[in-house]
Structure formats: structure tokens, C-alpha cells
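Given only the sequences and the hints, what does the whole structure look like? Please build it.
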Amino acid sequence: MAFVIVTAIIVIGTVLWNFVSPWWFSPLASNWGFLDATILISLVITGIAFVLISTFILYCVVKFQYREGHKAEYEPENAALELKLTIITTIGVIALLAPGLYAWKLYVELPTDALEVEGVGQQWVWSYRFPGEDGVYGNTSGRLFSSKNTFGLDPDDPYGQDDILIRGGEVHLPINNKVVFQLRSKDVLHDFYVPQFRAKMDLVPGQQSNLWFEPTVLGTYEVACAEYCGTGHYAMRGVVVVETEEDFKNWLAEQPTFAETMNEGANGEQIVQTLGCVACHSIDGSDGIGPTWKDTYGTNRALSSGQTVVVDDEYIKTSIVNPMSQIAKGYAPVMPAYATLSEEELTAITDYIKTLSE
Amino acid sequence: MDQNSATYEGQKMYDPKGWWDTYVFSQDHKVIALQYVCVALAIGLTGMFLSLLMRMQLGFPGLFESIDAGSYYQDVTMHGMIMVIYLLTALFLGGFGNYLIPLMLGCRDMAFPFVNMLSFWMYFLSVIILVASFFVESGPTGAGWTLYPPQSILEGTPGGDGAGIILMLASLAVFIIAFTMGGLNYITTVLQSRAKGMTLMRMPLIIWCIFLATFLGLLAFPALLVGAIMLIFDRVLETSFFMPEIFKGGEVLDYGGGSPVLFQHLFWFFGHPEVYIIALPAFGIISELISVHARKNIFGYNMMVWALIAIAGIAFIVWAHHMYVAGMNPYLGFFFATTTLIIAVPTAIKVYNWVLTLWNANIKMTVPMLYCLAFLVTFLNGGLTGLFLGNVAVDVPLSDTYFVVGHFHMVMAVSPVLALYGGLYHWYPSVTGRMLNDTLGKIHFWITFVGTYLIYFPMHYIGFLGVPRRYYSNEQYDFIPQSVADLNQFITVCALIVGLAQFILLYNFIVSLKKGAIAPKNPWGACTLEWQALESPPGHGNWGEQLPVVYRWPYEYGLPGATSDFVPQNVPDEKIT
Amino acid sequence: MNNYPASEKAFLGLNHAQVFVYVLMTVISILFLFITNAYLFRMNFQDWNPVPIPSLLWFNTICLVLASVGMAWAKSGAKKSDHQKTKVGLAIAGVFVVVFVSGQTWAWQELNASGYFLSSNPANTFFYLITALHAFHVLGGLVAWFVVTFKVFKGDAMMLQPESVGLLGAYWHYMLLVWGVLFAMLITT
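If you're matching them up, the sequences are chains A, B and C in order.
Residues in the first sequence are numbered from 53 upward in steps of one, following the working numbering.
Residues in the second sequence are numbered from 61 upward in steps of one, following the working numbering.
Residues in the third sequence are numbered from 8 upward in steps of one, following the working numbering.
These aren't lab readings, by the way, just hints derived from the structure by calculation.
Ideal placement from N, C-alpha and C gives every residue a C-beta, glycine not left out.
The reader is advised that the hints may include incorrect statements.
Claimed, not checked - Below, simulated EDC-like cross-link-like pairs (lysine to aspartate or glutamate); rule was C-alpha separation at most 20 Å, straight line: (1) A:Lys230 <-> A:Glu185; (2) A:Lys230 <-> A:Glu298; (3) A:Lys200 <-> A:Glu395; (4) B:Lys581 <-> B:Asp498; (5) A:Lys200 <-> A:Asp403; (6) B:Lys424 <-> B:Asp498; (7) B:Lys424 <-> A:Glu125; (8) B:Lys424 <-> A:Glu120; (9) A:Lys381 <-> A:Asp364; (10) A:Lys406 <-> A:Asp365; (11) A:Lys406 <-> A:Glu366; (12) A:Lys200 <-> A:Glu321; (13) A:Lys230 <-> A:Glu168; (14) A:Lys230 <-> A:Asp88; (15) A:Lys346 <-> A:Glu366; (16) A:Lys369 <-> B:Glu311; (17) A:Lys200 <-> B:Glu311; (18) A:Lys346 <-> A:Asp336; (19) A:Lys369 <-> A:Glu396; (20) B:Lys581 <-> B:Asp546; (21) B:Lys424 <-> A:Asp339; (22) B:Lys574 <-> B:Glu595; (23) A:Lys123 <-> B:Asp633; (24) A:Lys406 <-> A:Glu321; (25) A:Lys123 <-> B:Asp625; (26) A:Lys346 <-> A:Asp365; (27) A:Lys200 <-> A:Glu312; (28) A:Lys381 <-> B:Asp128; (29) A:Lys406 <-> A:Glu395; (30) A:Lys381 <-> B:Glu197; (31) A:Lys115 <-> B:Asp625; (32) A:Lys381 <-> B:Glu125.
Said to hold, decoys possible - Quick look at which bits of chain B chain C covers, simulated, 3 or more residues with Cβ under 8 Å: (33) 247 to 261; (34) 299 to 313.
Claimed, not checked - Derived coverage of chain B by chain A (criterion: at least 3 residues anywhere in the stretch with Cβ under 8 Å from a Cβ of chain A; other residues may be distant): (35) 95 to 109; (36) 373 to 387; (37) 406 to 417; (38) 455 to 462; (39) 530 to 538.
Structure (C-alpha cells):
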């Protein structure tokens with residue numbers, strides 16, 4: 053009987069939990085409430101099945117306990133009963149599938165009247181691109197990537213000149229406007245996911261994938277990468293700010309175009325954002341995959357080899373182009389080498405790090 | 061009659077000479093089965109230990125400094141791969157399959173005992189290669205058990221640019237060869253070596269399950285082998301099967317033109333049948349145990365067989381439900397969602413039939429029966445959450461969150477392992493001639509059943525919240541409240557308790573070998589042939605001079621007109637008591 | 008090492024070894040099916056540059072055909088208990104298979120020397136991979152050939168069952184069939 057009591061508690065607890073759980077859907081901030089509805093429909097149907105079948109099991113255990121000298125009923129099969137159960141199950145399955153497929157139809161048919169944004173993923177930072185005034189994206193190519201041209205845009209393509217580049221991982225969107233994300237990755241698989249928007253889609257290097265939603269609530273939301281992409285996967289946090297159309301227009305106007313970024317001098321702060329350094333090296337002192345940069349210039353650093361060195365210009369530049377040669381003690385040897393940065397860029401980065409120690 | 065050098069029916073039995081032939085390079089299926097069980101349990105314990113390391117990080121972040129992000133992902137990966145392939149597949153098919161097939165079919169051994177022996181040693185070799193990856197410089201691979209390129213073979217993922225991923229892929233290739241050898245043996249034996257009177261529709265359901273699982277494996281593992289070969293080529297020979305243009309570390313890498321999604325198709329074409337390779341033998345164990353311990357025939361034997369065949373067939377056309385948001389053609393989602401939900405129907409029929417077996421039965425609450433009942437409840441739970449994830453649009457917010465982690469542990473880890481434990485308690489007397497201790501069995505059962513439910517059930521709800529899987533730490537995210545960290549602590553404590561409790565089983569196993577009650581010949585009163593062997597445990601050659609002849613199906617419990625509440629398969633009508 | 012029960016109703020009239028090998032052939036077919044699938048899929052991408060088929064491959068194909076002929080001789084010899092014929096047939100089969108595999112490696116060397124490197128183009132990679140995988144399975148057959156031939160040449164006539172030689176032949180013919188399909192695919196795409 054212990055089994056019946058414990059399992060009954062488990063079954064009742066399982067059902068009740070749905071009403072008292074402190075963890076439920078994040079507050080909805082997009083048009084995808086229908087997806088929440090499909091989850092609720094699923095919960096109801098599967099919940100009924102779970103309760104009915106579990107109760108039947110427990111009933112049998114109570115009622116048909118072993119009695120010496122008694123024999124079980126000999127009933128090898130009952131085709132009629134099996135047929136009825138199959139039909140009921142099929143109806144249940146259709147009840148689940150129909151709303152699900154309908155929702156999927158809505159999800160894959162991209163709206164034509166939407167704001168277009170390109171989302172670009174790389175280890176371990178997000179960046180974005182708007183098509184600019186001409187409404188057309190400039191061509192990109194893998195061969196054109198460099199630390200200066202991190203979107204791989206073709207400088208000879210006139211359509212690309214006015215493309216607005218968002219580096220630094222924070223993108224803004226206007227409220228109540230449908231937005232279509234064209235997603236691509238520069239290196240490995242990632243996934244753009246904002247829990248409050250419900251929608252998600254993988255970013256696959258070498259191809260484009262799409263996603264659409266309409267933000268309906270003002271606020272600041274976090275992007276959590278939802279496809280394992282290496283050691284920094286959990287640190288690939290982005291930010292989406294949903295604001296009024298006017299605020300959005302103002303924000304967009306402040307962002308640089310491709311043409312402007314090509315004319316920028318080497319800017320340390322910009323470079324570390326676009327290369328994704330800040331995914332592992334924090335600038336506010338918090339610990340991460342790599343040592344923080346705050347208040348680090350000029351200090352002593354213990355290396356895993358046992359030596360102690362001073363964090364000076366040379367140490368910083370060597371760490372960037374050949375990190376495996378001097379791993380800081382207490383940190384994993386996972387930093388990729390950025391061997392192709394120019395001297396100008398290396399100096400810019402070092403200067404930026406210096407500013408964090410004043 | 062010297063059992064060890066017998067000649068039966070004009071055929072010479074394998075004749076072990078000396079210690080090495082009898083215990084190490086044995087060709088006796090019973091010894092080989094035990095070898096599989098021991099190695100699988102050993103590597104399984106390692107996998108469990110790795111999961112506890114993961115749980116320490118999630119529950120008490122920072123407590124163990126040595127668990128950094130890199131080693132965390134290595135633990136995640138190796139835990140997953142070990143449990144799915146090296147523990148569950150090997151234990152269910154290599155262990156239970158090898159032991160039960162010849163005994164339940166009434167033959168002396170597998171069709172090819174030498175190949176059977178080879179298959180075990182290949183499996184052992186694959187485990188060695190896998191364990192070797194722990195000792196190379198960059199450590200084992202940390203790419204997730206799914207090993208997706210491009211990340212799995214690049215720097216930035218543990219083991220990606222070292223030997224870790226290469227050893228993993230090599231180990232998988234060797235395992236696949238082992239599986240193929242063993243699998244061909246099983247197919248041949250089931251088709252060819254059944255005792256007289258044992259038609260296909262008189263085979264115990266567990267044999268059907270293992271037979272179909274083997275068939276699934278033989279057709280599905282080649283996809284993984286192709287994927288693994290191509291991935292090794294990409295890694296070692298710098299080809300571009302799966303590698304598109306990649307910009308990394310400030311430079312464009314020397315790859316181009318490949319498709320990461322192609323790997324996912326190959327992997328999941330294998331991966332989905334793989335979960336049925338694990339689930340089907342678990343189903344089989346439940347079918348056997350529930351009828352024996354409820355003293356009632358399994359309900360609807362014919363439908364059970366047809367449901368199994370349907371599940372095995374449909375299993376090959378559902379794979380891309382693991383790829384709804386992978387960037388494949390979105391219209392494929394309609395097809396795969398439909399097939400995935402269709403497979404729910406034969407699976408549900410099996411659940412109904414087990415449950416209806418309990419109706420008007422005569423249920424003995426033995427330890428194996430407890431495990432059966434717990435299986436039913438947990439498999440029901442896990443199977444139902446699968447309906448959420450299979451339904452493509454519903455999968456969108458839940459994919460790659462803890463909802464998925466909760467679901468697959470419930471259907472892969474909790475319910476099949478409960479079935480496994482039930483099977484171990486049930487067949488231990490046949491293998492060793494002794495009974496396992498009942499009290500320890502019950503303690504082990506309760507801690508495992510309640511503990512694993514408490515671990516995995518709440519995960520579905522933080523999945524609703526949106527907490528992603530494969531995260532080393534949640535600290536940075538505002539949308540994840542402190543209560544999630546508290547829950548993680550709670551889950552870790554439960555996991556530690558459940559982990560420790562598994563040693564109760566191990567202790568019971570070892571001590572009962574010498575101190576357990578001597579088992580009578582057929583302690584549970586079962587109808588199937590493995591209990592009707594001349595001696596218990598069965599000797600070499602299994603049946604003595606005469607092979608058994610089968611007169612009835614394996615579920616003759618509660619036969620009207622008989623005094624006893626069961627009639628074994630090899631008892632003719634005129635001898636019924 | 009047979010395990011026939013008292014009254015055996017064999018599956019489809021096949022014996023154990025035949026079931027084993029035929030199912031194995033099914034599994035190997037699935038493997039090659041996946042590789043060809045990947046090949047046909049990848050072929051459509053822009054960077055695909057078909058490999059010129061070395062004419063040596065035609066010679067190799069003929070060797071494989073002759074090997075199958077040898078096996079057919081061996082089988083007919085075994086059926087009639089004509090041990091001499093069996094031995095000659097097996098020898099021919101073995102020799103031509105070794106020539107086939109050597110020829111394939113020679114063809115790889117030729118291609119590599121003319122600049123068609125493994126990783127420089129997907130078409131190259133697939134060519135090497137497909138031919139290598141086939142050759143690997145042919146070598147597997149050679150292992151079985153060793154076992155049978157050793158028994159025959161040892162004069163162990165009692166162990167010589169026509170079915171064994173016939174089954175070995177079946178595997179040989181199967182490898183030829185697989186090669187035929189793969190070769191045709193490589194030539195026409």
C-alpha cells in the first residue's frame with residue numbers, strides 16, 4: 053500500500069504543481085501568445101491522460117492484490133477495447149497536432165511588411181545590421197572578414213555603404229512593429245532566443261535562417277544563446293531594448309553606417325566589442341572565463357607556469373596574438389589566438405585596457 | 061554427462077579449455093552477457109560521477125574551483141555519450157540480449173558464439189578508447205553528446221582542436237563495429253535457432269523487443285558511422301563536409317562549402333532510432349515482469365507485437381523533430397511533427413496493454429513489480445512531455461531549455477533504468493542461483509523512484525521560464541530569478557542522495573552472491589523457457605541432452621481448468637497440473 | 008560452430024551463415040546509401056569540381072569482374088567436389104582482389120600527383136572517401152577468403168561445404184555490384 057499512497061501523492065502533486073509553481077512562462081512581450089495557448093492545451097490534454105491512467109493503475113494495485121489460491125482472469129485480448137482506445141488516442145493526438153500545425157504555419161510565413169534586421173552571431177557576442185536608407189542590404193562575403201570589417205561587407209557595393217552596423221551586442225526595436233530577423237553566423241552554430249518573445253531560431257554559418265515576431269511591451273530584454281557554441285556559450289548574453297518608434301529612430305540615427313566605420317581609426321573599445329573579447333573579459337571587475345580587465349594594467353599576474361609577470365603593453369599584446377604561451381593561473385586554456393590583428397589595432401586595444409585601470 | 065565438452069545433435073559444442081577460455085574469451089552467451097553487464101555498469105558509474113560533478117557546479121557554483129566552464133562541458137558531453145551508448149545500449153542489448161535470447165528461445169547458444177565473443181571485446185576496446193580521451197592533453201571532447209560541427213572540431217570547444225574529439229569518434233566507430241557483429245548474431249539466432257514449436261508469435265515479448273531494437277540499430281548506426289567518418293575527415297584531413305566558411309580568432313579559416321545541418325540530419329537519423337533501441341528492451345522487460353508478478357497473461361499480445369513493429373518502422377521517419385529550429389527548410393516541420401505525433405499512438409497502446417494486464421490480475425508487490433509500476437508512471441510522464449516537444453510550434457519556446465532536459469531524462473534515464481533494475485532483480489536468481497535481499501531492494505527502489513522524480517520533474521517548469529540547457533552558469537541573466545538557483549541546489553542534493561543509493565544495489569549484488577537465500581528453481585513461477593532449464597543457473601549448453609519443445613505461448617498464467625496458476629511453455633497439454 | 012535445434016524450420020530455407028551475411032550486406036548497403044546521398048546532395052553546390060576518372064579504374068573494374076568469375080568457378084568446383092577446380096577458383100579470386108585494391112591505391116597516387124588533393128575540393132574528398140570505403144569492405148571479404156582458402160588448401164575436405172564457398176562468392180559479387188553502382192555514379196557526375 054505504501055506504493056499506492058506515495059504514487060497518489062506524486063500524481064496529485066504533479067497536477068497541483070501547475071497551479072503553485074513559482075516558475076512559469078516569462079511575461080509575454082510579443083505577439084506569440086498563441087504559442088503559450090498551444091502549451092496550455094497540451095498541458096490540459098496530457099494532464100487528463102496522466103491522471104486517468106495513473107489512477108487506473110493505482111486502482112488495480114489496490115483492488116487486485118495477490119490472494120493465495122485465487123487466479124487472475126484469463127483474457128488474452130479484447131480487440132474491441134483496443135480499437136476504442138486507439139480511436140480515443142488518435143483523437144487526442146489530432147487535438148494536439150491541429151493547433152500546433154496551425155501555429156507553425158503562422159510562424160514560418162514571414163510577413164512582407166516588416167522591419168528587417170540582420171542578426172549576426174559569433175563566439176561569443178551578438179551584432180546586428182539594418183539595411184539603411186536604401187532598404188537594401190549590402191553584399192557580404194566570408195573572404196572579406198577582418199577585424200576592421202567584421203560584417204564582411206563588400207566595400208565596392210553601393211548598397212552596403214549606408215548599412216547601419218550595431219556592434220556591442222545591444223539592439224533596439226520599435227514597439228508594435230513586426231520585425232523579421234535574417235540570421236547568420238560567422239563561425240559556429242548559435243541560436244537567437246529571447247524568452248519573453250518566445251520565438252527562436254538557430255544561426256548557421258554558411259546559410260541564412262529567419263525569424264519573425266512583433267514586440268508588444270516596452271522594456272529591456274535579454275538574448276540567451278540557445279545552441280551550444282563552445283566554452284563561452286553561457287556568457288553569450290545580448291540585449292534587446294523595445295522602445296517607442298520615435299526613440300528607436302533617434303537611436304538608429306546615432307549608429308554608424310558601414311562607410312563611417314571604414315573611416316574610423318582603430319578604436320580599442322569598438323574592436324573588443326566586435327571581436328567578442330568582452331564575452332570572457334569583463335570590464336566591471338566581475339569574474340568570467342578570462343581575467344577581468346578592470347584595474348589590471350600595471351598589476352602583477354601569476355601564470356600557470358609558476359612565473360609572475362607584470363601586466364604591461366608587451367604582456368597584453370602577446371596574450372592577444374599567442375595566448376597559449378602565457379595562461380593566467382586559475383583560468384582554463386581556451387582563448388583563441390588573434391594573430392592577424394595589426395600593430396595599430398593591438399595598440400588601440402592595449403590603450404583601451406589601460407583606460408580601465410585609471 | 062560432462063556439460064563442458066558435450067556433443068549435441070551431432071554438433072560439437074564450444075569446448076573451453078582452461079581459465080582463459082572459460083572466463084575471459086568465453087564463447088558461452090551467459091558469460092559474455094555478464095561481461096557486458098560488468099563493463100557497462102563500470103562505465104555507467106563513471107557517467108553518474110560526471111553528472112554529479114555537473115550538479116555540483118549547478119547547485120553550488122564556485123564551490124569546486126576546478127570545475128571551470130571547459131571541464132563542465134567535458135563532463136556534460138562524456139556523461140551523455142557514456143550513458144546513452146556505452147551504458148544503456150550495451151547493457152540492454154549486450155547484457156540482457158545475450159543472456160536471454162538463447163535461453164528464452166530454447167537453444168544452446170547464439171548462432172555464432174565466436175563472433176559473439178569478438179563483439180564483446182570490440183565493445184571493451186571502444187570503452188578503452190573512450191576512457192583514453194580523459195588522459196590526453198586537451199582532455200575529452202566537450203562538444204555536447206551531439207558533437208555538432210563546426211564547434212566540435214574547432215578551438216573554443218574543449219577537445220575540439222586536440223585528440224579528444226578524434227578519440228571519441230574512433231571509439232564510436234569501434235562500438236558500431238561491435239554492435240553490428242552482435243546484432244547480426246541476434247538476428248540470425250532469432251530467425252534460425254528457435255526451439256521446435258516456438259513460432260515467432262510464441263516468442264516472449266522481450267525477444268521481440270530486442271530483435272526489433274537490433275534491427276533498428278543495424279539500419280541506424282551506419283548513418284552515425286558515415287557522419288563520424290566525415291567529421292574525422294574534416295578534423296584531421298581538413299576537408300569540408302560539414303564546414304562552411306568560418307571567421308574565427310580574427311582570420312578566415314581554410315574550410316568552405318560544407319553544411320553543418322547535413323551532420324545533424326545524419327546524426328539524428330541515427331539518434332532517434334537510438335532512443336528506441338534503448339526504450340524497446342525496457343518495454344520488453346516490463347512486459348515480462350508485469351505478467352509474471354501480476355500472475356496474469358500480458359493483455360493483447362498480438363497488438364503488442366504489431367505496436368512494436370509500427371514503432372520500429374515509424375522511428376525512421378521522425379528524426380528531424382530534433383531539428384525544428386536548426387535552420388532546415390521550415391516546411392519539413394509539418395511532416396515531422398505529424399509523424400512524431402503518430403508514433404504516440406502505438407506507444408500509447410503498449411501503455412494501455414500493460415495497464416490492462418493489471419486489471420483482474422493477482423498482483424504480488426515484489427521488488428520487480430514495484431519497478432514495473434514506477435516505470436509505468438514515469439514513462440507516462442516522460443512520454444506525454446514528448447508530445448509537447450514533437451508538436452513543432454510548441455517546441456519553439458521549449459527547445460534547448462530545461463524542459464527538454466527534463467523530458468529526455470524522464471524517458472531515457474528514469475523509466476528505462478527503473479525497468480533495468482526490475483530486470484536485474486527478476487533475473488538475478490537465474491544467473492546466480494540466489495535471491496537478492498528484499499529489504500535492501502525496497503530501500504533502493506524508493507530512493508531511486510522518488511528521488512529521480514524530484515530531480516527531473518521541476519526541470520520542466522524552469523524550461524517554461526526559458527532557462528536554457530548547457531549553461532555553465534545562470535548568474536548573468538536577470539530573467540532567471542534566485543529561486544532557480546535554490547531549485548538547482550535542491551536538485552543537486554537529491555542527485556547526491558540518489559547517486560549514493562545506487563551503491564545499495566551494488567552492495568546487494570555482491571553480497572547476495574554468497575549470502576543471498578538460495579533460489580528455488582523457478583522462484584517467481586514464470587512460464588518462459590529460461591526458468592525451465594535443467595539446472596538453475598543453467599549450465600553450459602543450457603538444456604542437457606534434450607532441447608525443449610514448445611507447446612504454448614509464454615503467458616499462460618491463470619489458465620482456467622489448471623490447478624497451478626501458471627503453465628510453462630514446454631509443458632504439453634496432457635501434462636498440465 | 009552450428010547450433011541447429013532438433014527439428015529446424017529454417018528462415019526462408021537459409022542456413023545461419025547465409026542469414027548473417029545477407030543481413031550484413033543490407034547494413035553495408037545502408038552505409039553506401041548514406042554516402043551516395045551525401046554525395047548527390049553536395050554535388051549541387053557551386054564549388055564542386057568533378058574529378059577526372061583515371062583510366063586505371065577501368066582496369067581495376069575488370070579485375071574485380073575476374074575475381075567474381077574465379078569465385079563462381081570455385082563454387083561450382085565445391086559443389087561437384089572437384090577440389091582442384093575449387094582451389095584454382097579461389098586462387099584466381101584472391102589474386103584479382105589484391106590486384107584490385109593495389110590498383111585503387113595506385114589510382115589515388117596518380118590523382119594526388121596530378122594535383123587533385125584530398126581536401127582541396129569536395130569532389131576530390133568524396134572520390135577518395137567512396138573508393139576507400141569500398142576497398143575497406145573488399146579487404147574485409149579478403150579476411151573471410153583467407154579462412155576458407157586455408158581450410159581448402161589444408162585438404163580439410165570435411166569442413167568444405169559448398170555453401171561456405173558459395174556464400175563467399177555471394178559477398179564477392181555483392182562487392183562488385185556495389186562497385187558498379189559507385190563507379191557509374193562517379194563517371195556520370
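Here is how each hint holds up against the structure:
Taking the CA atoms of Lys230 (chain A) and Glu185 (chain A), the gap is near 18 Å; set against the 20 Å cutoff, the hint holds. Straight-line distance between C-alpha atoms of Lys230 (chain A) and Glu298 (chain A) comes to about 16 Å, which keeps the hinted pair within the 20 Å bound. Between Lys200 (chain A) and Glu395 (chain A), the direct Cα distance comes to roughly 13 Å. Compliance with the 20 Å bound is thereby established for this hinted pair. A hinted pair counts as satisfied when its Cα atoms are at most 20 Å apart, and Lys581 (chain B) with Asp498 (chain B) qualifies at roughly 18 Å.
A distance of roughly 17 Å separates the Cα atoms of Lys200 (chain A) and Asp403 (chain A); the hinted pair therefore holds under the 20 Å criterion. Proximity of Lys424 (chain B) to Asp498 (chain B) is assessed by CA-CA distance (about 13 Å); at most 20 Å being required, the pair is judged to hold. With a CA separation close to 15 Å, the supplied pair Lys424 (chain B) and Glu125 (chain A) stays within the 20 Å bound. Between the alpha carbons of Lys424 (chain B) and Glu120 (chain A) the distance comes to roughly 10 Å, so the proposed pair stays at or under 20 Å and holds.
Restraint check: the Cα-Cα separation between Lys381 (chain A) and Asp364 (chain A) comes to about 17 Å, which is no more than 20 Å; the hinted pair holds. Pair hint Lys406 (chain A) plus Asp365 (chain A) holds up; C-alpha atoms about 9 Å apart against a cutoff of 20 Å. Distance restraint check for Lys406 (chain A) and Glu366 (chain A): the Cα-Cα separation of roughly 13 Å lies within the 20 Å cut-off, and the hinted pair is therefore satisfied. Taking the CA atoms of Lys200 (chain A) and Glu321 (chain A), the gap is near 13 Å; set against the 20 Å cutoff, the hint holds.
Among the hinted pairs, Lys230 (chain A) with Glu168 (chain A) is consistent with the structure: their alpha-carbon atoms are about 9 Å apart, no more than 20 Å. For the given pair, Lys230 (chain A) sits about 19 Å from Asp88 (chain A) by alpha-carbon distance, which is consistent with the 20 Å threshold. For the proposed pair Lys346 (chain A) and Glu366 (chain A), the alpha carbon gap of about 18 Å is at most 20 Å, so the pair holds. Between Lys369 (chain A) and Glu311 (chain B) the alpha-carbon distance is near 17 Å, which keeps this suggested pair within the 20 Å criterion.
Taking the CA atoms of Lys200 (chain A) and Glu311 (chain B), the gap is near 11 Å; set against the 20 Å cutoff, the hint holds. As the CA atoms of Lys346 (chain A) and Asp336 (chain A) are separated by approximately 6 Å, the hinted pair is consistent with the 20 Å bound. For the hint linking Lys369 (chain A) to Glu396 (chain A), the alpha-carbon distance of about 11 Å falls within 20 Å, and the restraint holds. About 51 Å separates the Cα atoms of Lys581 (chain B) and Asp546 (chain B), which puts this hinted pair outside 20 Å; it is violated.
For the hint pairing Lys424 (chain B) with Asp339 (chain A), the CA-to-CA distance comes to about 57 Å; that exceeds 20 Å, so the pair is violated. With a C-alpha separation of about 18 Å, the suggested pairing of Lys574 (chain B) with Glu595 (chain B) holds against the 20 Å cut-off. Between Lys123 (chain A) and Asp633 (chain B) the alpha-carbon distance is near 19 Å, which keeps this suggested pair within the 20 Å criterion. In summary, the hint linking Lys406 (chain A) to Glu321 (chain A) is supported, as the alpha carbons are separated by about 11 Å, within the 20 Å threshold.
Annotation: proposed proximity of Lys123 (chain A) to Asp625 (chain B) holds, straight-line Cα distance about 6 Å (limit 20 Å). For the proposed pair Lys346 (chain A) and Asp365 (chain A), the alpha carbon gap of about 15 Å is at most 20 Å, so the pair holds. Between the alpha carbons of Lys200 (chain A) and Glu312 (chain A) the distance comes to roughly 12 Å, so the proposed pair stays at or under 20 Å and holds. Only pairs whose Cα atoms come within 20 Å are accepted, and Lys381 (chain A) paired with Asp128 (chain B) is accepted, the gap being roughly 13 Å.
Restraint check for Lys406 (chain A) and Glu395 (chain A): satisfied, since their Cα atoms lie roughly 16 Å apart, inside the 20 Å limit. As the CA atoms of Lys381 (chain A) and Glu197 (chain B) are separated by approximately 17 Å, the hinted pair is consistent with the 20 Å bound. This hinted pair checks out: Lys115 (chain A) and Asp625 (chain B) have alpha carbons roughly 19 Å apart, not beyond 20 Å. For the given pair, Lys381 (chain A) sits about 12 Å from Glu125 (chain B) by alpha-carbon distance, which is consistent with the 20 Å threshold.
Here's how the region 247 to 261 of chain B fares: 9 of its residues keep a CB closer than 8 Å to some CB of chain C, so the rule of at least three is met and the hint holds. For a cut-off of 8 Å, the count of residues in the region 299 to 313 of chain B with a CB near a CB of chain C stands at 3, and the three-residue condition holds. Residue count for the region 95 to 109 of chain B with a Cβ under 8 Å from a Cβ of chain A: 0. That is fewer than the three needed, and the coverage hint is violated. Counting residues of the region 373 to 387 of chain B whose CB lies closer than 8 Å to any CB of chain A gives 3, so the stated coverage by that chain holds, three being the minimum.
Chain A is given as covering the region 406 to 417 of chain B, and this holds because 7 residues of the stretch bring a CB closer than 8 Å to a CB of that chain, at least three being needed. With 6 residues having a Cβ less than 8 Å from any Cβ of chain A, the region 455 to 462 of chain B passes the three-residue criterion, so the hint holds. Figure legend: the region 530 to 538 of chain B, annotated as covered by chain A; annotation consistent (8 residues with Cβ-Cβ distances under 8 Å, at least 3 required).
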